[in-house]
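**Student:** These are the residues of each chain, in order.
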Amino acid sequence: MPSTARNWIFRHTINARICHWIMVVSFFYLLYSGIMIFLHFPELYWGKVGFQGYPAIFRLEDWGISWERAEELGDRRWGRSYHYLFAWVFVINGMIYLIWNGWQKKFYQKMLPTREQLSIRNLKSEFARHIKLKAAKGESAASYNILQKISYLFVLFALFPFMIISGFAQMPAFTAISPDLIDLFGGRQTARTLHVICSLLLVVFVFVHLVEMIIAGAVNQLRSMLIGKYEIHSENAEESL
Amino acid sequence: MSTKKTLQNINEIKLTRRQLMSGSGALGGLLLTGCDTQFYKPPVIREGFMGVADVMTMASQRMLLSNQQLVQEHDASEITKNFPVWNQSNPDDEEYQRLRAGNYADWRLPITGLVNNPVSLSLEDLKRMPRRTQTTMHICEQGWSAIAQWTGAPLMSVLEAAGGITTEAKYIMIDAYGGWYEGYDMFDAVHPQTILAYGMNGKDVPLGNGAPVRLRVERHCGYKQLKFIKSIQVVSSVEGFGRGTGGLNSDFGFHWYAGA
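Sequences listed follow chains A and B, in order. Residue 1 is where the first sequence starts when you use the UniProt record's numbering, and the numbers rise one by one after that. Residue 1 is where the second sequence starts when you use the UniProt record's numbering, and the numbers rise one by one after that.
It is worth saying that the hints were derived from the structure and are not from the lab. For clarity, every value in this text was computed on a predicted model and none was experimentally measured. Don't take each hint at face value.
Distance windows between CB atoms, simulated [claimed, not checked]:
hint, chain 1, residue 1, chain 2, residue 2, range
1, A, SER119, B, ASN67, 49 to 55 angstroms
2, B, VAL85, A, VAL91, 35 to 41 angstroms
3, B, SER66, A, PHE58, 48 to 54 angstroms
4, B, GLU94, A, PHE58, 39 to 45 angstroms
5, B, GLY253, A, ASN7, 52 to 58 angstroms
6, A, HIS130, B, THR37, 51 to 57 angstroms
7, A, GLU116, B, ILE45, 53 to 59 angstroms
8, B, GLU78, A, LEU73, 54 to 60 angstroms
9, A, LEU118, B, ASN87, 31 to 37 angstroms
10, B, ASN87, A, GLY217, 53 to 59 angstroms
11, B, THR37, A, LYS106, 39 to 45 angstroms
12, B, GLU78, A, ILE65, 29 to 35 angstroms
Glycine residues also receive a C-beta, built at the ideal position from the N, C-alpha and C atoms.
Please take these sequences and the hints and turn them into a complete structure.
**Tutor:** What follows is the structure in C-alpha cells.
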C-alpha cells in the first residue's frame, strides 16, 4: 500500500443532497401512482380522442395482460390522489433546487460542459470508457464527465419540464386555461401518450444512473450523496494493489 | 325586469368580476358574500398532506380560470362517432323506468333549497329557455377522451327561473336517478358553458349518455358530468348528503374538484 491517507473531496452541496433525495422519493411515488392510473386504462392513442374500441397505438392486452386484469391491478383513486400530491412535491422541490443553485457560480462550473470536454477526442474516449463499463479514475473522477453532464442537463431541462407540461395538457381545466397548449401537442391523447413515453425515458435514465453508480463505486457514490464527501482513487490505484 | 334582461344575455355573458357585481337576480347572493378565495377550496378538505395538495391544485387552477374563460369548442366535423357509455347506462330505478316508458313527458326537475321561488320544470320548460350548443371534449379521469355536441339550458337560466339564489347559497347539489349525486360550487354554476343538456349531437340525449337531461360542467373530468338528472337543490352546506364530502365521487375517495 503506497499510502494510507485517503484522498477526499467535497462533492455535493447540502442543497443538492436534500433536493436529490426528495426528488428520489417523489419520482418513485409519481411513477408508482402513474402506473396505477395507467393500469385503469391500459391503452394509448394518438390525436384528440381515444377510448376503449377506438384504434389504439398501444394496448396492454396485446402483451398478454387483459383489460380486466390490468384494471384489477391498478388503483386509480389512490393513484390520482398521490400523483398530484407528489407532483406538487416534485415541482416545488425542483424550483427550490434551481433557485438555490442558480445563484451559485459553482453550479454552472459543475453542470456545464467545458470546451475541453466537448472536443471530439474527449467525447470518443468517454464513449469508449462508458461502453467498457469502466469507472473514471483520479482527477477526472472529481468532476462530472461529459456524458454525465449532458444526461443530467437533458433530464433537468428537457424531460422534467416536458413531463410537467404534458401533464397540464391532460387536465380538463386546461381546455379553458390554455387550449393552445393541448393543440400544441396535437391533442389530449397525444399528450397522454408522450407523457407515458417520457416517463419510460426517465426510467431508463434512472436505470443507467444506478448502473453507473455501481460501476463507479456504490459506497463512495452513496456516501457522497448523503454526507457530501467523496473519495478520489489515484490514477494508478489498480497497479498499486 | 332585470331577470328578463339577464335571461336574454345569458349566452353572451362574459363573467368578469365587474359584470358579476353589477348583475342581479340569480347571482345577487353570491356577490354580496363573495370573496374569490371561497372558490379555492372544496367543501370538505381531506386530511393531511393530501388535503393540502388538493387545495393547491384547486386554488392554482381557479386563479388561472378567474376570468371564467370558455373551454375550447370543436368543429362539428370532429364529433366522435360511438361516444362511449361509461358508468351507469340505464338506472335500475322504478320511477326512472316509468318516466322512460312515457318518453319523459312526466319528467319534472324540482329546483329547491336556497332559491327565491322553488319551481319544477318539465323538459318542455327547459327547451323553451335560452339554449346553448357547444361541441366540447369530454375527458374521463381514467384517461379516455371524446368529442360531442351538447345542447341545453344554462344552469344559470334554470336558477333564474327559480327566482335566483339567496345570499346563503354556496353549493348546487344535483341528484340523479340510480343513486348518484354530485355537488358544485357557484364558480362552476355561473359558467356560461355549464348547461343542463337535453340534446346530444343534434338529437335527444341517448339513454346511455344520461337521458333525458345530463349536466355538462366543462373544465372538469367526466365524473362531474352527472347523468340522468333528477333534482336540484341549492344549499349552504353539503352536510347531510351521502357521507358529507359534497358528492358521491368524493365519498368514494376521488377529489371533489375534478379540474386536474
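**Student:** Going back to the hint list, which numbers does this structure go against?
**Tutor:** Failing hints, ascending: 3, 8 and 9.
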